[in-house]
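Visitor: One-letter residues, chain by chain:
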Amino acid sequence: MKVGDTYILAKTDLPMFFAAIGHEMRLIAPRAFFGGDVIFDIVESPKEIVWNYGHDIYPPKRFLLPHYEDMFRYTTGDDVRIEPLPAPPKQAIVGIRSCDVSAIRFQERFFGDQIDDPYYRARSENTVLFSIVCNKPPKRECFCICCDSGPYLESGFDVQLTDLGDRYLYEIGSEKGEQATQLGAFMLKPAEPKDTAERKRIELQADSLFQTVAYMAKAIMFVSEDQVPAQVWEELGSTCFRCGACTNLCPVCTCFTVEDRPEPNGCFTRCRSWDSCQFSGFTREASGHNPRPTFGTRVQRRFYHKASYQYILRDGRHGCVGCGRCVSACLTKLDLPSVVKRIRRAMHKYLQPQPASPNSS
Amino acid sequence: MVLTASRPANMWGVTIGAGDRLYLPQIAIIEDIIDETPDTKTFKLRFEDEEFAKAFKWEPGQFVELTVFGAGEAPIGFASSPLEKSFFELTVVNRGKVTGAMHLLPKGAKVGIRGPLGNCWPLEQIKGMDVLVISGGCGLAPLRPAILYILANRNDYGEFWLLYGARTPADRDFKYDLAEWAKRDDFHVLETVDVGDESWTGNVGVVTTLLPHVKINPANAVALTCGPPIMIKFTTIELMKMGFSEDRVVTSLERYMKCGVGKCGHCCINHVYICTEGPVFTYADMKKLPELGL
Numbered sequence: 015m016k017v018g019d020t021y022i023l024a025k026t027d028l029p030m031f032f033a034a035i036g037h038e039m040r041l042i043a044p045r046a047f048f049g050g051d052v053i054f055d056i057v058e059s060p061k062e063i064v065w066n067y068g069h070d071i072y073p074p075k076r077f078l079l080p081h082y083e084d085m086f087r088y089t090t091g092d093d094v095r096i097e098p099l100p101a102p103p104k105q106a107i108v109g110i111r112s113c114d115v116s117a118i119r120f121q122e123r124f125f126g127d128q129i130d131d132p133y134y135r136a137r138s139e140n141t142v143l144f145s146i147v148c149n150k151p152p153k154r155e156c157f158c159i160c161c162d163s164g165p166y167l168e169s170g171f172d173v174q175l176t177d178l179g180d181r182y183l184y185e186i187g188s189e190k191g192e193q194a195t196q197l198g199a200f201m202l203k204p205a206e207p208k209d210t211a212e213r214k215r216i217e218l219q220a221d222s223l224f225q226t227v228a229y230m231a232k233a234i235m236f237v238s239e240d241q242v243p244a245q246v247w248e249e250l251g252s253t254c255f256r257c258g259a260c261t262n263l264c265p266v267c268t269c270f271t272v273e274d275r276p277e278p279n280g281c282f283t284r285c286r287s288w289d290s291c292q293f294s295g296f297t298r299e300a301s302g303h304n305p306r307p308t309f310g311t312r313v314q315r316r317f318y319h320k321a322s323y324q325y326i327l328r329d330g331r332h333g334c335v336g337c338g339r340c341v342s343a344c345l346t347k348l349d350l351p352s353v354v355k356r357i358r359r360a361m362h363k364y365l366q367p368q369p370a371s372p373n374s375s
Numbered sequence: 487m488v489l490t491a492s493r494p495a496n497m498w499g500v501t502i503g504a505g506d507r508l509y510l511p512q513i514a515i516i517e518d519i520i521d522e523t524p525d526t527k528t529f530k531l532r533f534e535d536e537e538f539a540k541a542f543k544w545e546p547g548q549f550v551e552l553t554v555f556g557a558g559e560a561p562i563g564f565a566s567s568p569l570e571k572s573f574f575e576l577t578v579v580n581r582g583k584v585t586g587a588m589h590l591l592p593k594g595a596k597v598g599i600r601g602p603l604g605n606c607w608p609l610e611q612i613k614g615m616d617v618l619v620i621s622g623g624c625g626l627a628p629l630r631p632a633i634l635y636i637l638a639n640r641n642d643y644g645e646f647w648l649l650y651g652a653r654t655p656a657d658r659d660f661k662y663d664l665a666e667w668a669k670r671d672d673f674h675v676l677e678t679v680d681v682g683d684e685s686w687t688g689n690v691g692v693v694t695t696l697l698p699h700v701k702i703n704p705a706n707a708v709a710l711t712c713g714p715p716i717m718i719k720f721t722t723i724e725l726m727k728m729g730f731s732e733d734r735v736v737t738s739l740e741r742y743m744k745c746g747v748g749k750c751g752h753c754c755i756n757h758v759y760i761c762t763e764g765p766v767f768t769y770a771d772m773k774k775l776p777e778l779g780l
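Residue numbers (my numbering), protein chains in the order written: chain A, 15 to 375; chain B, 487 to 780.
Treat the hints with care, as some may be off.
Listed next, the in silico DSBU-like pairs over lysine-lysine satisfying Cα-Cα at most 30 Å (straight line) [said to hold, decoys possible]:
#	chain 1	residue 1	chain 2	residue 2
1	A	K16	A	K153
2	B	K774	A	K363
3	B	K661	B	K530
4	B	K530	B	K543
5	B	K527	B	K571
6	A	K232	B	K571
7	A	K355	B	K669
8	B	K774	B	K661
9	B	K661	A	K232
10	A	K153	A	K25
11	A	K16	A	K203
12	A	K232	A	K203
13	B	K571	B	K727
14	B	K527	A	K363
15	A	K190	A	K203
Here are some chain A residues pointing at chain B (derived, C-beta under 10 Å) [unchecked claim]:
#	residue
16	I53
17	V57
18	Y82
19	T90
20	G91
21	F125
22	D130
23	E168
24	R284
25	D289
26	F296
27	T308
28	T311
29	Q324
30	R328
Bear in mind the hints are in silico, worked out from the structure with no lab data behind them. Don't be surprised by glycine CBs; every beta carbon is placed ideally from N, CA and C.
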C-alpha cells in the first residue's frame with residue numbers, strides 16, 4: 015500500500031470503512047439538517063453521511079480556518095499569564111469536493127509561505143481529506159473546469175473516491191492518506207484495468223457537462239495590468255450590498271480579524287474570525303482615514319486578489335477554484351464569471367473612440 | 487523562541503521565524519512614561535523575561551505589535567535609539583481602542599509585545615551619503631531611531647538634515663531631542679508649524695516650504711520621509727524636482743493591520759503586505775503599486 019495505488023471499495027462496505035476511520039479521528043462529512051439542507055458537520059456515525067449531496071453552500075474550510083478560532087487565553091491585572099490552547103483534534107473530512115480540496119491546498123500554501131502560521135499548520139497536519147470526484151457538475155454554477163481545480167484531481171488529494179455505480183475507485187494521493195487507509199485496508203481490493211477505464215470515461219463525461227464559464231485568462235489580463243477604468247469598478251461596486259457573502263462563502267479567502275473577547279471569569283481570549291475585504295472597516299484606520307473608501311475600490315481589491323498575475327506569482331495559482339458559491343450567493347452578480355463578462359462589455363464601451371463633438375471645431 | 491530580524495541580501499526585506507509562538511506576545515513592563523503632546527505619550531518598556539530581552543534585536547524602522555491586555559493589539563513603531571539594549575520606547579498617539587487603553591496605563595503596568603516585525607531603514611546601505619530626513623507630526627517617531635543611529639555614527643554619513651513639520655507648537659513630538667539637536671553643528675534641523683502661537687518664532691507653513699533652505703547634493707543623497715499621506719505626496723513631488731532619483735526617496739507606510747506577519751490581509755496594497763515587505767519602501771517600489779495612486 016503506497017501513494018499512487020488504486021483500490022476498489024464496495025458501497026456496502028462504505029459505512030464500516032468510515033466507522034474504522036472514525037474510530038481514530040472525528041469525521042466531518044455532509045449531513046442532512048432539518049429542512050433538507052446538507053452541510054459539512056461533525057458526524058457521529060458514517061450512516062449519517064449524505065453521499066449524493068448537491069453542493070453545500072457553506073465550505074468545509076471552517077474546520078481548518080474556523081469562523082471563530084481561539085488563539086490563546088490570558089489573565090489581566092498584576093499577574094498577567096498567557097496560556098496557549100491545546101492542539102486541535104485529528105479529523106477526516108469525508109466527501110469533500112475537488113474544488114474545496116484545491117482551496118485547502120491553496121490555504122496551506124498561503125499560511126505556510128514565508129512565515130508559518132502555527133494554528134493553521136496544526137489543523138492541516140491533523141486533517142486528512144477523503145475527496146470525491148464529481149461525475150457531473152453538482153450545480154449549474156460550477157466552473158471548476160476553468161480554474162484547474164476539478165471536477166477530479168490529478169494530484170493534491172489525500173484520498174480520492176470515484177463513484178463507479180456499485181463501488182468506489184479508491185486512490186491514495188499522499189502519505190497522510192496512506193496512513194489513514196491502513197485503518198480500513200482489509201476492506202479494499204486492488205483495482206482492475208476495467209475500473210480505471212470506467213474512471214477515464216467518467217472524467218471525459220464530467221468535463222463535457224459544465225454550463226458556467228469563467229474566462230480566467232481574460233480576468234487575469236484585465237486586473238493584472240490595471241487597465242480597467244476606475245468608473246467601471248465604481249459601476250460594479252455601486253450594486254454591492256456589502257453583505258460579505260462572497261468572501262465568507264469563498265473556500266479560498268483567508269483574511270481574518272483579531273479581537274480580545276472577555277470571558278466570564280475575568281480572563282480574555284484572543285480570537286481570530288473571518289473578515290471581508292468588502293467591508294469599509296477592513297482598511298479604515300483609527301484616524302478615520304480609509305485607503306479604500308469606495309465600493310468600487312473594494313470590489314477591485316477582491317478581484318485583484320483573486321485573479322491578478324502578481325498574486326499568482328505569490329500563491330502559485332489564482333485565488334479562485336470555481337466552486338460557484340459566489341455565483342449562488344451574490345444577489346447583484348458580483349461573482350467572478352459575471353464580473354469578467356461585465357468588464358469585457360464595459361471595456362468595449364470605454365475603449366470605443368469618442369465621436370467628435372459638433373462644437374469642437 | 488525568539489523573533490529575530492536580520493537583513494538579507496535583498497535590500498528591504500527581513501525574515502522572521504517564530505514557530506509556535508508566532509502569535510503569543512512577550513510580557514513587557516512600562517518603566518517610564520513621557521508626555522510628548524496632549525495626545526501623545528512615549529512609553530519606555532523593558533521585557534520581563536531577561537533571556538528574551540538579551541536576544542531581542544531590532545533595526546530602526548521596524549515595529550512591534552503592542553498588546554494592551556483587555557483591549558487588543560496594535561502595530562507601533564520603535565522610537566528609541568537602537569543602541570540602547572536594556573529598554574526600548576514606543577510613541578503612542580491616542581486614537582483608537584488599543585491606543586486609548588494604552589494611555590490609561592500607569593508606570594509598572596504590563597503590556598504584550600510581539601516582534602520585531604517588518605523591514606528597516608537602509609542605514610547600512612546609505613553610509614557615506616548625505617541624509618535628508620523629512621517628517622510630519624507623529625511621523626518623527628519611526629524616524630527617531632534612524633536619527634539617533636546616524637548621530638551616534640556621525641562620521642559614516644555626509645551632510646545630515648532634518649525637516650520637521652507639526653500642526654501647532656504644542657504638537658511637536660520629542661521637544662527635548664529637538665532642542666538638543668538644534669545645538670549640534672553637524673546636524674541641521676529646520677522646523678515649521680502649520681499654525682503658530684504667540685511663543686512661536688520659527689517658520690510657519692507646510693514642511694515642503696523648508697526644502698529650498700536645504701543645501702544638499704541630490705546625486706549623493708537619500709531622503710527618509712514619514713508623515714501623513716498628503717505630506718508624503720507633496721514632499722515626494724518636491725524631492726523629484728530637486729533631482730532626487732526615485733530609489734533614493736524612502737518612506738515608511740502605514741496601514742490598518744492585525745497580525746503583522748502577512749496573514750490577516752488587512753495591510754495589503756495591491757499584492758504587497760506592508761507588515762512583512764514594508765513598512766519601508768522606496769518611491770520606485772511604491773510606484774509599482776497602482777492602489778497607492780502615485
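Visitor: If a hint holds in the structure, say so; if it does not, say that too.
Guide: Each hint tested on the structure:
no.	hint	verdict
1	K16/A / K153/A	violated, 34 Å
2	K774/B / K363/A	holds, 27 Å
3	K661/B / K530/B	holds, 17 Å
4	K530/B / K543/B	holds, 16 Å
5	K527/B / K571/B	holds, 21 Å
6	K232/A / K571/B	violated, 54 Å
7	K355/A / K669/B	violated, 65 Å
8	K774/B / K661/B	violated, 37 Å
9	K661/B / K232/A	violated, 56 Å
10	K153/A / K25/A	holds, 24 Å
11	K16/A / K203/A	holds, 14 Å
12	K232/A / K203/A	violated, 45 Å
13	K571/B / K727/B	violated, 40 Å
14	K527/B / K363/A	violated, 54 Å
15	K190/A / K203/A	holds, 20 Å
16	I53	violated, 26 Å
17	V57	violated, 30 Å
18	Y82	violated, 15 Å
19	T90	holds, 5 Å
20	G91	holds, 8 Å
21	F125	holds, 6 Å
22	D130	holds, 7 Å
23	E168	violated, 28 Å
24	R284	holds, 8 Å
25	D289	holds, 7 Å
26	F296	holds, 6 Å
27	T308	violated, 12 Å
28	T311	holds, 8 Å
29	Q324	holds, 4 Å
30	R328	holds, 6 Å
Checked against the numbered hints given earlier, this structure breaks hints 1, 6, 7, 8, 9, 12, 13, 14, 16, 17, 18, 23, 27; the rest are met.
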